[in-house]
Amino acid sequence: ASGDPLDSGSGDGGGTSETIVVGSQDYYSNEIIAEIYAQALEDQGFTVDRQFLIGQREVYIPEIEGGEIDVFPEYTGNLLQYYVPDTEATTSDDVYAELETSLPEGLRVLDQAPATDQDSYNVTKEFSEANGVTSLADLAKVTTPLTLGGNSELETRPYGPAGLKEVYGVDVAFTPIEDSGGPLTLKALVDDQVQLVNIYSANPEIAANELVTLEDPEGLFLASNVVPVVSEKVTDEIADVINTVSAALTAEDLVALNALSVNEQQSADQIAKDWLAEKALF
Amino acid sequence: MNWLWSNLDLVGELMLTHLALSVPAIILSFVISVPIGWLAHRYRWSRGVLLGLCALLYAIPSLALFIALPPITGLPLRSPLNLVIALTLYGIAVIVRTSADAFDAVERDIRQSATAVGYSAVGRFWGVELPLAGPVLLSGLRVVIVSTVSLATVGAVIGVPSLGTLFTNGFQRNIQAEIITGIVATMVLALVLDWLCVMAGRLLMPWSRPNTATARAVSTTLVKQADAA
Amino acid sequence: MNLFIDGIAWILDPANWSGTGSIPQRLWEHIWISAVVLLLASAIALPTGALVGHTGKGREFSVMVSGGLRALPTLGVLTLFGLWLGIGLGAPIIALVILAIPPLLAGAYAGFESVDRRTIDAARAMGMRELQLVGRVEVPLGLPIIVGGIRSATLQIIATATLAAYIADDGLGRFIFAGLKTRNYDEMLGGSILVILLALIVDGIFAITQRLVVPAGVRATRTRELRSRPARPRAVVGQPITEGNRE
Amino acid sequence: MIEFRSVTKQFPDGTVAVAGVDIVIPPRKTTVFVGSSGSGKTTLLRMINRMVDPTSGQVLIDGTDVATREPVALRRSIGYVMQNSGLLPHRKVIDNVATVPMLRGQKRRDAHAHALELLDTVGLDRSLADKYPSQLSGGQQQRVGVARGLAVDPNILLMDEPFGAVDPIVRAELQQELLRLQGDLGKTVVFVTHDIDEAFLLGDQVVIMQQGGQISQAASPAEILANPADDFVANFVGADRGKRALHVTELGGRRLVVDADGRPAGVLAS
Amino acid sequence: MIEFRSVTKQFPDGTVAVAGVDIVIPPRKTTVFVGSSGSGKTTLLRMINRMVDPTSGQVLIDGTDVATREPVALRRSIGYVMQNSGLLPHRKVIDNVATVPMLRGQKRRDAHAHALELLDTVGLDRSLADKYPSQLSGGQQQRVGVARGLAVDPNILLMDEPFGAVDPIVRAELQQELLRLQGDLGKTVVFVTHDIDEAFLLGDQVVIMQQGGQISQAASPAEILANPADDFVANFVGADRGKRALHVTELGGRRLVVDADGRPAGVLAS
Ligand SMILES: Nc1ncnc2c1ncn2[C@@H]1O[C@H](COP(=O)(O)OP(=O)(O)OP(=O)(O)O)[C@@H](O)[C@H]1O
Ligand SMILES: Nc1ncnc2c1ncn2[C@@H]1O[C@H](COP(=O)(O)OP(=O)(O)OP(=O)(O)O)[C@@H](O)[C@H]1O
Ligand SMILES: [Mg+2]
Ligand SMILES: [Mg+2]
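Residue numbers (the numbering used here), protein chains in the order written: chain Y, 1 to 282; chain U, 1 to 229; chain S, 1 to 247; chain X, 1 to 270; chain V, 1 to 270.
For the record, the hints were derived by calculation from the structure and aren't laboratory data.
Accuracy of the hints is not assured; some may be wrong.
[To be verified] Here are the simulated distance ranges between beta carbons:
no.	chain 1	residue 1	chain 2	residue 2	range
1	X	Q135	U	A200	33 to 43 Å
2	U	R124	X	D130	22 to 32 Å
3	Y	D93	U	A177	41 to 51 Å
4	Y	D236	S	I5	45 to 55 Å
5	X	R108	U	L196	25 to 35 Å
6	X	K29	S	G58	53 to 63 Å
7	V	H247	X	D130	14 to 24 Å
8	V	D184	U	D109	17 to 27 Å
All C-beta atoms, glycine included, are put in the ideal place defined by N, C-alpha and C.
Please work from the sequences and hints to get the whole structure.
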């Protein structure tokens, strides 16, 4: 992927003829990435139709498979688990490799970005210090009952309560908190209604609230890099544009972008525009 | 406030989307309900059945209906049409009873005097019964407007964008201003539509000065909608 | 329609009938939340409505308030209070109470207003005190409509209590949300069917209650009403006396 | 001339509202049906314009059975005035009066012009034309009702307790007005009332109905008073209560007519 | 004795319902207020039991200003009968009659026993005791209303158009019944009506009210008829319309009394 002006020039010719549908999850961080894709594509002369905030994977995947959406920001680990629930891969490269072969007919992933936004279990600083817990393995030593908080689907995920028990021998109760690691989850953790919460690693609140993200030595969580899933309609010209974006999107960038959304309350549109301007990719 | 200024576009856009969901539902439910209400009024035996069905419909939780509809209609869950159909059904549930009441409320004397001076059955419906049922029909329509606009927000939970998106999104991002904006925008939308409806009523029915009878009809509509025959 | 069969099969699956998050547990939670909300909302709305209906004062105001509250989107209130109060039942209960107030209030004052002014007037002229008037005349005669308001409110509470699961780990709505997130349509539909059934059963109970509370004398009128009318409508041009001075 | 030939009406629920009525209603005269509630007066009246069809028997207008006439056309040719005026509340006064001519296809302009003249005829100010019925007093509404009844210049005018809901004073005025109108126009008026005094005042022929829809007596007022056909009639007109058994007494130099209970009925003129 | 001393009532909306009324209502007699709609009759009546308080002036019962009496106790000591009976639709007839005694603390048994006697008094069959008001005819309901008004054996009975909504025949019966009752019981009856004939029949004193809540004339019926105080009264009682200007004529050997328009009023007895 390069920023060759000639490439983008030819992309112009092919792209304007058809509208590219870009989708996003019902999750602000995902929406920002989708918006970046969209603006980058528009910048290169493509016509984009935004179908943002479409709920969870289970709702939108069928629409991508059905060809109603062409480009969708995804996360390698989570997506792989969706198709291969019992996958053994955990490292970034393994996951990406297995994902490429597991996608159904008509779908493919482009290059993955350095940025990751993966599930992670977090505790408060006080809890960490009081119980000497810095890793998931340490949790087995804790004698007080533990409750895990997270979106309801976590309960049935391989890395949910069952995975914790199997891999680390930790027993936890589960409380669904339906805000994708958002403010309720945070508040429940701070109020000690739950002791352990699932928050995406790119969430700026982790740093803002001095939470301790527990290490995962056994690789319970799969690495989950940002990766665009695309339909057959996506030509090489389009792919080049998106790959350029992906290459530039670092883990720190993603946290910073999210912080702009949550703390500065900026719109996805604004955040994406500023980021693209700053990176000067094209 | 800060949030609002930098997101005026988004709010405006969602308002339009919200209108596109609720206005067709409001109009459809009104247009469908008036004939059903007339049937319930005209044929006593059908009244129990029709109003009973409406009460059943009304008892179905909105979220449950949004989910139960697609297997019947064959539409995708996230289709706005699915939401419009569901909202229309709720509107019907609310307004059929009111329209039956509206036709009941046309005085027998006036109906008979119209017959006596030589109105034909069809002429009497359009020239006398419908206009005289107007004020009560209007009161029912107003209830439907407010409840439909408010109910449409629930669609955001299953991923149909509307002003309700501001609730789910603001909730995830912990932006109270976004949620409050959503609430205010929804209420403003409801009240503006309601006001338009009242104005249209005044224009179309100059004889019906606001009186206690219609005011009372409004408040009983609020109560009766679940009141099976 | 196959989906419905799957949904029903999900309900009938014994695995869903025990353990945490079982159907009986969720059902019980749903009923419990609805009952608490109904009690709280009734405690606020019924006395207010009674006062408005009895005195005839503040009618415009309460019509406005209940109209305004109706326009308030429950999901918005729920998320807003959710941010303030965190997980648990606090936010759902507040949101549901706000939802239930308009029909209760309207039912109460419409019930009181539905009582023939002349009957109240006659009772006052005989020497009933205001409280006696409320207890012996207005409440018994207005009860069908008051119960109608309670019925409407209860239905809305039961229906909307599904949204509580958005914030709290409670109620039948959990099945809908869990199903939605895990693409388990059977569970979603099963949960929806359960809520619908609960709503219909409760509605049926209210329908019967509402009939039973129609005072016997009034029931007798209903059947005759169709045909009988005053032999000689009185010559009224002036307005009827609605209220005289009240002590 | 309107003729009832052994007319009976039984409603679907079994009520016999009219039972074997035979009566001739002379043209250009006022015939008043009087009787207590439920005696079938309204039902009889409505058979004339086919609002009700008899179960058996015939109703003839000028020798033609109304059953052979198309109901809507028949109704448009007969004036009808009812209690509470029956005006359409959503139409202005002028439109109410012009309703039937316009239903018959007359042009709006002409119908309105004629309606204004009719307002004069019934003694209403033309400025009321643009008001809605609810903005008029009860007496004015009744006058509009009469104007509407006259709008197609019908030969027959049916009036069902037209003055039942107005004030006694206004009622007296309206009665005088009707007497005057009838003197000018000479319609065949069929009038229904509860009130025997009203019947005696307006009727050339008074028909006394009794419960069950039968005619007790049909005659001129004087004849009825002088020779009540039976106890029911005597009771109804008040003869047996002493109300009509009058005698003369003196008070303050004037000769009062008082009834058998000593209640004054009037002053003896000559 | 009830006395109104320059009583005025202006409602909050500005309507003056009663303007400077002075009148004495003698005890154990029937006083009838008659006048057209809106002339303040009901307002006057309701000042007696403090359902309405005067804006200025005083209402005295046996010399005591009612303003000094506690309203609820006052009302329980005065009988009140209104149009459409005002019965409680959800209570059986017997409970309706026994309401006030029970409000006063009388035992249910005693109150019921007394109520049954009262049904006899007003000429109702005891078998009606267990029915609901809606199961009775209009006339029967009115009788129950009267029984209820009499239940505490009050000195004063207020009756607001009690017979306004019943059939003429039933009304005549009820009027006779009231005359009989009053002959037996001798209450101070204050009666309101629209109907001048009813006023003349029942009233020992007839008070003619005119629009604006003023008294035009208060006198015995004969006095009013012989010497109407002004044109309004003359018009109201019908003297000027010729209705009360009677003369005698012959028909079929009987001497008919007819009015100025030739309408028969009755038969001359002696
Ligand atoms: N549509 C109907 N169905 C059944 N019964 C009817 C119907 N219309 C009238 N009746 C009955 O027929 C009888 C005569 O009714 P009608 O209205 O002719 O009486 P009326 O003399 O006009 O009485 P009123 O003085 O009260 O107007 C009554 O017993 C009435 O209840
Ligand atoms: N509570 C009230 N507030 C304002 N105006 C009133 C009230 N009650 C009565 N009025 C007015 O006072 C006037 C007298 O009323 P009232 O009821 O005493 O008349 P009435 O002679 O009894 O009439 P009717 O024969 O119609 O019963 C009327 O103009 C009426 O509209
Ligand atoms: Mg009739
Ligand atoms: Mg009155």
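Status of each hint after checking the structure:
| no. | hint | result |
| --- | --- | --- |
| 1 | X:Q135 - U:A200: 33 to 43 Å | violated (23 Å) |
| 2 | U:R124 - X:D130: 22 to 32 Å | holds (24 Å) |
| 3 | Y:D93 - U:A177: 41 to 51 Å | holds (42 Å) |
| 4 | Y:D236 - S:I5: 45 to 55 Å | holds (47 Å) |
| 5 | X:R108 - U:L196: 25 to 35 Å | holds (31 Å) |
| 6 | X:K29 - S:G58: 53 to 63 Å | holds (60 Å) |
| 7 | V:H247 - X:D130: 14 to 24 Å | violated (47 Å) |
| 8 | V:D184 - U:D109: 17 to 27 Å | violated (42 Å) |
Of the hints listed earlier, those the structure fails to meet are numbers 1, 7, 8, in rising order.
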